Amino acid sequence: MNVYSAISANKNKTWLIMVLFVLIITTVVYVFSKALGYGLGFAGIALILAGITSIGSYYYSDKIILATSHAKPIQKSDNPELFRTVENLCIGDGLPMPKIYVINDPSPNAFATGRDPQHAIVCVTTGILPLLDKSELEGVIAHELSHIKNFDIRLMGIVAVLVGFIAILANLFMTQLWWGGLGGDREDRNNNLQIIFLIIGIILAILSPIVATLIQLAVSRKRELLADASGVLLTRYPEALASALEKISKEPHSLKSASNATTHLFIVNPFKGKSTKQLFSSLFDTHPPIAERIKILRSM
Amino acid sequence: MNSTLILLAIVLIIVGFVWYLYNSIIVARMRVSEALSQIDVQLKRRTDLIPNLVETVKGYAKHERELFEKVTEARASLVSAKGPAEKAKANNQLSQTLKSIFAVAEAYPDLKASQNFMELQEEVSDTENKIAYARQFYNSIVLNYNAKLQVFPNVFFAKLLNFKSAEFFGATEEEKKPVRVSF
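In the order they appear, the protein sequences are chains E and W.
Numbering of the first sequence is given in my numbering, commencing with residue 1 and proceeding in unit increments.
Numbering of the second sequence is given in my numbering, commencing with residue 1 and proceeding in unit increments.
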């Protein structure tokens, strides 16, 4: 796969995901409104709302992702060295200079977002800056710039927001179901309402892993490997990225502001160690194993 | 009747192909000149830094007149250089003389400690890096362009339409390394 076919594949997949999202939401609502005799009005509203969400996420996914990650923009005077690194690599890649954001978190990580190279953002955590030396940081930034150049950012941004949206809905209904199920002593509870929540909850609970699999397909592990490889093409120094990945993976802290919806954006899986959250991300790994990536880089 | 149709179709295909080829070569050539202008931006940045650097060093090391002349000369030849090969050569020369300026600075502790000088050193080495990356980008674009001209069957039409290969922005092995500024 070369860069040009990667770019057009990413653009096409973005459209596919946006359309699929609208279809899924509308279908689910249609089935329910049919079953409950509410008529087609609900499905129409769902179609419109899902369409707005889908198109909105095309333009605003980067802002939503940055807000949920608690990222703050910085100026050149705040960190001239980081800015220079990004500037230099952009010159080498022929990209316009992206905006730079920082997440105040000791866990070292980085991601890129935006919808195209003209509206791109590179975001790093404060933990990564003291951890890596100059050439390692260059390796990481070059990896992120490759995501920008390949239009991975557009697809990954859309996926993050739409999946996050479905995850929030599923969560909401599952919580309702849980408390509704336990709260049996409350006789005045509307029985009908409980059944609705039950069914919606179950359907969405079934739906979200399917959608998660879709992310996995769209945001395959190959994408990270491709970004590693084209990043190295830019810096001409694979060992720097390899040792950066090694250092990042050795750091035990998880990134607090990352969520299942945004995991696939980061250069290294932001959830470290085993936890309940980990169960989901290990079933649907968005990243190839670090050891494998390092091995490939060292054999270049 | 039939054979004239076939002939017409062949002519149309060839015309269409040449049309497409011509446009794509023009676009590739524009990319080359755009990439070259990116190098020029960085080279200009570098030549703009030099008078400032020379003035700063002069303030502490008045006796190094010969060195200042050399640097000024190298700068002038870079400013007047035309074409990638000539610019690359002048740029290499300037790198060498800048290295000797920084080497000389070692002998002047006051100079080395001056805030202004340290900032200039930082700027100069950053510009070196930027030139290196701009050149890497330019050379990859040139590689693309030249390949477009030289592959079959483009090579015939490129010759016919009088397209010429672009020059690489050369660099010696020595010059590929950024300027090391030691304290």
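Misleading hints may appear alongside valid ones.
In silico lysine-lysine, DSS-like type, Cα no more than 27 Å apart, as pairs [unchecked claim]:
#: 1; chain 1: W; residue 1: K159; chain 2: W; residue 2: K99
#: 2; chain 1: E; residue 1: K256; chain 2: E; residue 2: K72
#: 3; chain 1: W; residue 1: K112; chain 2: E; residue 2: K76
#: 4; chain 1: E; residue 1: K134; chain 2: W; residue 2: K58
#: 5; chain 1: E; residue 1: K256; chain 2: E; residue 2: K63
#: 6; chain 1: W; residue 1: K159; chain 2: W; residue 2: K148
#: 7; chain 1: W; residue 1: K44; chain 2: E; residue 2: K134
#: 8; chain 1: E; residue 1: K250; chain 2: E; residue 2: K72
#: 9; chain 1: E; residue 1: K134; chain 2: E; residue 2: K295
#: 10; chain 1: E; residue 1: K34; chain 2: E; residue 2: K76
#: 11; chain 1: E; residue 1: K76; chain 2: W; residue 2: K44
#: 12; chain 1: E; residue 1: K34; chain 2: E; residue 2: K13
#: 13; chain 1: E; residue 1: K134; chain 2: W; residue 2: K164
#: 14; chain 1: W; residue 1: K89; chain 2: E; residue 2: K11
#: 15; chain 1: W; residue 1: K44; chain 2: E; residue 2: K99
#: 16; chain 1: E; residue 1: K34; chain 2: E; residue 2: K63
#: 17; chain 1: E; residue 1: K247; chain 2: E; residue 2: K295
#: 18; chain 1: E; residue 1: K272; chain 2: E; residue 2: K134
#: 19; chain 1: E; residue 1: K13; chain 2: E; residue 2: K222
#: 20; chain 1: E; residue 1: K76; chain 2: E; residue 2: K272
#: 21; chain 1: W; residue 1: K112; chain 2: W; residue 2: K44
Pulled from the structure, derived: some chain W residues nowhere near chain E, Cβ distances all over 12 Å [stated by the list, open to error]:
#: 22; residue: L8
#: 23; residue: I39
#: 24; residue: K62
Listed below are several chain E residues computed to face chain W (Cβ distance under 10 Å; list not exhaustive) [what the hints assert, rightly or not]:
#: 25; residue: L131
#: 26; residue: L233
#: 27; residue: R236
Note that these hints are calculated values from the structure, not bench results.
What you are looking at is a predicted structure, and each value in this text was computed from that prediction instead of being measured.
Every residue, glycine too, gets a C-beta built ideally from N, C-alpha and C.
Quick rundown of the hints versus the structure:
1. K159/W - K99/W: Distance ~44 Å between K159/W and K99/W Cα, so the pair is violated.
2. K256/E - K72/E: Within the cut-off at roughly 15 Å; holds.
3. K112/W - K76/E: 25 Å, holds
4. K134/E - K58/W: Not OK: K134/E and K58/W at ~32 Å, beyond 27 Å, violated.
5. K256/E - K63/E: The hint holds at about 18 Å.
6. K159/W - K148/W: 12 Å, holds
7. K44/W - K134/E: Given pair K44/W, K134/E holds - Cα atoms ~25 Å apart, limit 27 Å.
8. K250/E - K72/E: 26 Å, holds
9. K134/E - K295/E: 21 Å, holds
10. K34/E - K76/E: 56 Å, violated
11. K76/E - K44/W: 21 Å, holds
12. K34/E - K13/E: 31 Å, violated
13. K134/E - K164/W: 40 Å, violated
14. K89/W - K11/E: 42 Å, violated
15. K44/W - K99/E: With a Cα-Cα distance of about 25 Å, the restraint between K44/W and K99/E holds, given a limit of 27 Å.
16. K34/E - K63/E: Not satisfied, since the Cα-Cα distance of roughly 36 Å exceeds 27 Å.
17. K247/E - K295/E: Judged against 27 Å, a Cα distance of about 14 Å means the pair holds.
18. K272/E - K134/E: Holds, at about 25 Å.
19. K13/E - K222/E: The given pair, whose Cα atoms are some 15 Å apart, holds under the 27 Å limit.
20. K76/E - K272/E: The given pair, whose Cα atoms are some 31 Å apart, is violated under the 27 Å limit.
21. K112/W - K44/W: 25 Å, holds
22. L8: Label holds. Min Cβ-Cβ 34 Å, cutoff 12 Å.
23. I39: Check fails; 9 Å does not lie beyond 12 Å.
24. K62: 32 Å, holds
25. L131: Cβ of L131/E sits 22 Å from chain W, so the hint is violated.
26. L233: Hint holds; L233/E Cβ to chain W Cβ min 9 Å, cut 10 Å.
27. R236: Hint holds; R236/E Cβ to chain W Cβ min 8 Å, cut 10 Å.
Of the numbered hints listed earlier, those contradicted by the structure are 1, 4, 10, 12, 13, 14, 16, 20, 23 and 25.
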